[in-house]
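Heads up, the sequence shown is in full-length UniProt numbering, so the first residue is 1 and it goes up one at a time.
These aren't lab readings, by the way, just hints derived from the structure by calculation.
Check before you lean on any hint, since a few could be wrong.
Capping the alpha-carbon separation at 25 Å, the derived lysine to any residue pairs in SDA-like fashion look like this [as the list claims (entries may be wrong)]:
no.	residue 1	residue 2
1	553	29
2	33	366
3	434	506
4	448	489
5	437	489
6	227	270
7	540	464
8	336	381
9	16	553
10	166	134
11	14	591
12	367	441
13	591	558
14	441	512
15	487	539
16	448	493
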Amino acid sequence: MESYYNSTEFMDEKRKQLFQSLEQKILSLRNEKGMWTGRLSSSALSTALAVFALCQFDKEKYRSEIDQGLSWLIANRNPDGGWGDTIRSQSNLSTTLLTWATFSIVNGEKGFQEPIQDAEIWLKRRVGSLDPEAISEAILDHYKSDQTFSVPILAMCAISGRLGEKGWKLVPQLPYHLAIFPNRLFRWLNLSVVSYAIPALIAIGLVKSQNSNKGVFRRIVRAACRKRVLNVLKAKQPDNGGFLEATPLTAFVLMSLVKANYHELEVCDKASQFLAQSIREDGSWPIDTNLSTWVSSLSLNALSSESLAKLDNKAEIKINLIEQQYKVVHPFTKIKPGGWAWTNLQGGVPDTDDTSGALIALHHLNKDEDISLDVVKNGIHWLMGMQNSDGGFPTFCKGWGKLPFDSSCPDITAHAIKSFVVWKERFDKKFQKKIDKRIKKAIAYLGKAQYRDGSFAPLWFGNELAEHHQNPVYGTSIVLYSLSDLKKAGYSGLNSMMEKAIRFLAMVQHHHGGWGADKDLPPSIEETSLALRAMAACGKTSLANRAADCLMKIIPENLDDIKATPIGLYFASLWYYEDMYPLVFACAALKELE
1 MESYYNSTEF MDEKRKQLFQ SLEQKILSLR NEKGMWTGRL SSSALSTALA VFALCQFDKE
61 KYRSEIDQGL SWLIANRNPD GGWGDTIRSQ SNLSTTLLTW ATFSIVNGEK GFQEPIQDAE
121 IWLKRRVGSL DPEAISEAIL DHYKSDQTFS VPILAMCAIS GRLGEKGWKL VPQLPYHLAI
181 FPNRLFRWLN LSVVSYAIPA LIAIGLVKSQ NSNKGVFRRI VRAACRKRVL NVLKAKQPDN
241 GGFLEATPLT AFVLMSLVKA NYHELEVCDK ASQFLAQSIR EDGSWPIDTN LSTWVSSLSL
301 NALSSESLAK LDNKAEIKIN LIEQQYKVVH PFTKIKPGGW AWTNLQGGVP DTDDTSGALI
361 ALHHLNKDED ISLDVVKNGI HWLMGMQNSD GGFPTFCKGW GKLPFDSSCP DITAHAIKSF
421 VVWKERFDKK FQKKIDKRIK KAIAYLGKAQ YRDGSFAPLW FGNELAEHHQ NPVYGTSIVL
481 YSLSDLKKAG YSGLNSMMEK AIRFLAMVQH HHGGWGADKD LPPSIEETSL ALRAMAACGK
541 TSLANRAADC LMKIIPENLD DIKATPIGLY FASLWYYEDM YPLVFACAAL KELE
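All chains should be modelled from the sequences, with the hints used to inform the complete structure.
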């Protein structure tokens, strides 16, 4: 018996040491403003697109960036000859195809023959041939009705010549002329792209239109719209030139406008400058500049109360976070003020998940720093305005809902109502009733969104090894963790939903205690941590302890050696990893277990 207690005390001490080490590591990664910048994975897809776009715009001016990017692409091929979205990702069709298209700018140059041949062999295995029609069919089939990514991919292939002389016939026409309508009407229009892709809708729609032989009347109508849609595009571009701070989106816009003979537009000049400034020292580009606000919120929410109390710059952090709340209507989505974006940079756009995270982080800071309730109320009002009629919450725009990335989703919904709950008691009874009404609608939505096996599917996270690239462990863990707060706050109708979610997580837990995206997939620090946190919050100590034991085995002793897993999703099935994720997820999990 004595040895058992000694062993237990030893394990508890090891966990405590790991937790403290994680906190210290997280705190050491703050920037000069006391916030966190994080580091997104380098992306072969972003690098290929940036190189190609800069080459189309001004090959001589950007020769250095182009050469660096090409060298990085050659150095970071997978052994099978293809490219994945990250250096830790499997080769995939979209990234390999776009990289092959980019190499069209160096056809015949020494040092590129082998990578081009290897890419062609990979594509032939995947598609069946390099026939343009086969390529177009494969891409359109992969993305189905969502043309957010499929049409830009095919457009670049057409611009590069990889689709042959008649390539533009294989590129669907995007209805760019619809961009002249007010944003509030977009939900009723069949745009075939998600809300955040309007710049691509315009630019690629224009270049396709100019390379198309449609009827005279249709050409006249669209020609009449061009000046207006270009004004819309200009209004949506931030001063730094980067649409949504995203290299892929900005590059697609630039290459399309150049091909459509709009090379002299200020939009093109600003976009090229953004791309040139976004290159990394190793010659690569990330998918987005950073997720600073998001990882700052995650970090603050992962730290213990004691560590937050000891921070010497809490007031500065509070001010920085509050200043990032939007005070005016956003030019990109035309959405009302009150929300937060994923970054503090110009290209950020307010969204539900980041607003929820910021509100929860401010609540943690509120224990030591007085937070204005007006700031919080504005944030909650903003979230309320995002709630869809089905009770769920989308990412960027309320009511679009036709495509997955604009629909309500469980993990974002659960995160939103958690932010309501933590602040609810600070408001008067009248506002509390409003919050209650919204929470009950969201609970009803979550009940309908839960699968029969008890799981929930997330939206912006997945796992490329899983069937359909889903990550039910991530989604279920996020929802269950939030529901545990609602239950403690006295909300009803949660027991059955929570029990089914717990059973699902227990069922897919590995025998050694860890979690992957599903039962048959290898465990990761991120997925194990999130499931552990949810189980600990629900009082499932035995399952949580097993997970903690696993976590201590898979986290390296030197935290600099941690390798993040590419479970993040950007655009449609574009994978990324963020170096902060394993640190903050593991820290938050062990904090909950304490």
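- [ ] Against the structure, test the hints numbered earlier, and report the numbers of the ones violated in rising order.
- [x] Hints 3, 7, 12, 14 are the ones this structure does not satisfy, whereas the remaining hints hold.
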